[in-house]
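A.B. asks: Here are the chains, one letter per residue:
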Amino acid sequence: MTSYDVEAVRKDFPILERTLAGDHPLVYLDSANTSHKPRQVVEAIEQHYLQHNANVARAMHQLGAEASEAFELGRTKVAGFIGAGRREEVVFTKNASEALNLVARVLGDAGTVGEGDEVVISEMEHHSNIVPWQLLTERTGATLRWFGVTDQGRLDLDDLDTLVTERTKVVSLTWVSNMLGTINPVERVIARAHEVGALVVIDGSQAVPQIPVDVSSLGADFVAFTGHKMVGPTGIGVLWGRYDLLASLPPFLGGGEMIETVTMERSTFAAPPHRFEAGTPPIAQSVGLGAAVDYLSALGMENVAAHEQAITAYALERMQEVDGLTVVGPREAVQRGGAISFTLDDVHPHDVAQLLDSRGVAVRAGHHCAKPAHQRFGVQSTTRASFYLYTTEAEIDALVEAIRHTQQYFGGR
Amino acid sequence: MADASQVDALYQEIILDHYKQKHGSGLRDPFESEVHHVNPTCGDEVTLRVHLDAGTVSDVSYDAVGCSISQASASVLNDLVVGKPVDDAFATLDAFQALMQGKGEVEPDEDVLEDGIAFAGVAQFPARVKCALLSWMAFKDATSQALSTQEDA
Chain A
1 MTSYDVEAVR KDFPILERTL AGDHPLVYLD SANTSHKPRQ VVEAIEQHYL QHNANVARAM
61 HQLGAEASEA FELGRTKVAG FIGAGRREEV VFTKNASEAL NLVARVLGDA GTVGEGDEVV
121 ISEMEHHSNI VPWQLLTERT GATLRWFGVT DQGRLDLDDL DTLVTERTKV VSLTWVSNML
181 GTINPVERVI ARAHEVGALV VIDGSQAVPQ IPVDVSSLGA DFVAFTGHKM VGPTGIGVLW
241 GRYDLLASLP PFLGGGEMIE TVTMERSTFA APPHRFEAGT PPIAQSVGLG AAVDYLSALG
301 MENVAAHEQA ITAYALERMQ EVDGLTVVGP REAVQRGGAI SFTLDDVHPH DVAQLLDSRG
361 VAVRAGHHCA KPAHQRFGVQ STTRASFYLY TTEAEIDALV EAIRHTQQYF GGR
Chain B
1 MADASQVDAL YQEIILDHYK QKHGSGLRDP FESEVHHVNP TCGDEVTLRV HLDAGTVSDV
61 SYDAVGCSIS QASASVLNDL VVGKPVDDAF ATLDAFQALM QGKGEVEPDE DVLEDGIAFA
121 GVAQFPARVK CALLSWMAFK DATSQALSTQ EDA
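Protein chains in written order, with our numbering: chain A, 1 to 413; chain B, 1 to 153.
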């Protein structure tokens, strides 16, 4: 990791210098929930609002032109970052959930999924990649099926060929689990799905922030992700889709910007991506996300991934030295992202998180919007520590120390 | 927002005692109503039964999964309402709810809340108020259902 200087990176994130109650320095281990934003991103958004603010594509004045250009530049940058063949393949939504809902909705409206058809997901999905497909299959009379998860927290592909069949119209799968941390072999699933003519949707919410992504070579038909987990602002998500596919699909929401022409009787619709972007879009957020992908590209996603891998390996090792701590998910840093969910004997995750917070260590406790994955492992909730490009080994040490303190607090009183 | 002393105020000895040894835990017969409440943000759950006898809360039995605050709160609920006339139980509930939602500015009445005053520190932690109120809201719901069933009968 000679090329990666985490201390220099941290200087771009003023929030990481904060101290919290009791004079504890902030140890932020909740980046899978949302990442922090570097100065460069916040300043780009500030400059946009202070100097170039206007609505896009409809204001016939100079600021309008500047804002439109800035908004579309964000799209160009995101397209380049993920290796999209065309910038028009990048549809802006408000978050990854909306992106996934968009696909599920329009595939139903297009008749791609109907009665007797099947949609395949997995047991390790975030609720946002479960519920839209439940709604779709209920609405259309299709059947929802899913991959299981092995005891080691890996996607169970033993029944790949019997689960994904000619009845399957869509396979929607997370690339990196937000709870287990598992990195799934999505290429294998994509290959099988395409063999039977099914479309593949990848939930890239945890993947795009931490591993290099090239959607053109990935082979999936759609990839959804969100800005705020990749050092960008909240309020903007992305649906990437193959252009010919997007062009064949009906609109999602109706309103301004998504039309070609409107009469009182009927409307015709704009080409992608605007067909799927009704109303005033997330303009400043596109500027911010553009700055975010510039920031990530300058660091180099290979370096970001290597840092994530190294810090995860260190954390897995240190955390598993604690008696009574059980990692739920892969226990080795192999095909594994930087989210580690765990249980602590005799202390409830909420109480763990509360005690860690009293030491300045910010983690998430609960079901992390993945109740079925928790059920799979027979736990109601877990505590989750998650890392990112600014996480240090010293922060992992602080986590482990605070976990031991928690054990003493609840065991020793 | 929470240093060590505030955390100590949250995790009073009384709360930890109730958490380790819950009073009245488990589901029992007879009962007139049973409810299942969840805290959707964290997944804490309680199944709670109420048995009323001639206007008195004669049993509150429950099966709860959750954090120390939610578990201890269910235990204290059992202590405070079982054996009381429904009206008194509801008055206690109102007092407990007022304490929890009082942002730390409500002075608890120990005569009414007994061990419940230990939860005063919880009011300083907005994220934990729901934990403390989970079983109480379940009790309110179950008792109201039991009363309306009785009226119908």
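Check each hint, because a few of them may be wrong.
Claimed, not checked - Pairs of lysine to aspartate or glutamate residues, derived as EDC-like cross-links and limited to a Cα-Cα distance of at most 16 Å, are as follows:
1) B:Lys22 - A:Asp214
2) B:Lys84 - B:Glu45
3) B:Lys84 - B:Asp59
4) B:Lys130 - B:Glu32
5) A:Lys77 - A:Glu393
6) B:Lys140 - B:Asp17
7) B:Lys20 - A:Asp346
8) B:Lys20 - A:Asp345
9) A:Lys77 - A:Asp214
10) B:Lys140 - B:Asp87
11) A:Lys371 - B:Glu45
12) B:Lys20 - B:Asp63
Said to hold, decoys possible - The following residues of chain A were derived to be distant from chain B, with all beta-carbon distances above 10 Å:
13) Asn53
14) Thr268
15) Leu355
16) Val400
Stated by the list, open to error - Facing chain B, from chain A, some residues (calculated, C-beta under 7 Å):
17) Thr19
18) Gly22
19) Thr261
20) Asp351
21) Ser358
22) Ala362
Since the hints were derived computationally from the structure, they do not count as laboratory data. Bear in mind that the values here come from a model prediction, so they are computed numbers and not experimental data. Heads up, the beta-carbon is just placed ideally off N, CA and C, and yes, glycines get one too.
A.B. asks: It remains to establish, for every hint, whether it holds in the given structure.
C.D. replies: Outcome of the hint check:
{"no.": "1", "hint": "B:Lys22 - A:Asp214", "in the structure": "54 Å, violated"}
{"no.": "2", "hint": "B:Lys84 - B:Glu45", "in the structure": "25 Å, violated"}
{"no.": "3", "hint": "B:Lys84 - B:Asp59", "in the structure": "10 Å, holds"}
{"no.": "4", "hint": "B:Lys130 - B:Glu32", "in the structure": "25 Å, violated"}
{"no.": "5", "hint": "A:Lys77 - A:Glu393", "in the structure": "32 Å, violated"}
{"no.": "6", "hint": "B:Lys140 - B:Asp17", "in the structure": "24 Å, violated"}
{"no.": "7", "hint": "B:Lys20 - A:Asp346", "in the structure": "10 Å, holds"}
{"no.": "8", "hint": "B:Lys20 - A:Asp345", "in the structure": "13 Å, holds"}
{"no.": "9", "hint": "A:Lys77 - A:Asp214", "in the structure": "13 Å, holds"}
{"no.": "10", "hint": "B:Lys140 - B:Asp87", "in the structure": "11 Å, holds"}
{"no.": "11", "hint": "A:Lys371 - B:Glu45", "in the structure": "13 Å, holds"}
{"no.": "12", "hint": "B:Lys20 - B:Asp63", "in the structure": "15 Å, holds"}
{"no.": "13", "hint": "Asn53", "in the structure": "34 Å, holds"}
{"no.": "14", "hint": "Thr268", "in the structure": "42 Å, holds"}
{"no.": "15", "hint": "Leu355", "in the structure": "7 Å, violated"}
{"no.": "16", "hint": "Val400", "in the structure": "18 Å, holds"}
{"no.": "17", "hint": "Thr19", "in the structure": "11 Å, violated"}
{"no.": "18", "hint": "Gly22", "in the structure": "3 Å, holds"}
{"no.": "19", "hint": "Thr261", "in the structure": "44 Å, violated"}
{"no.": "20", "hint": "Asp351", "in the structure": "5 Å, holds"}
{"no.": "21", "hint": "Ser358", "in the structure": "4 Å, holds"}
{"no.": "22", "hint": "Ala362", "in the structure": "11 Å, violated"}
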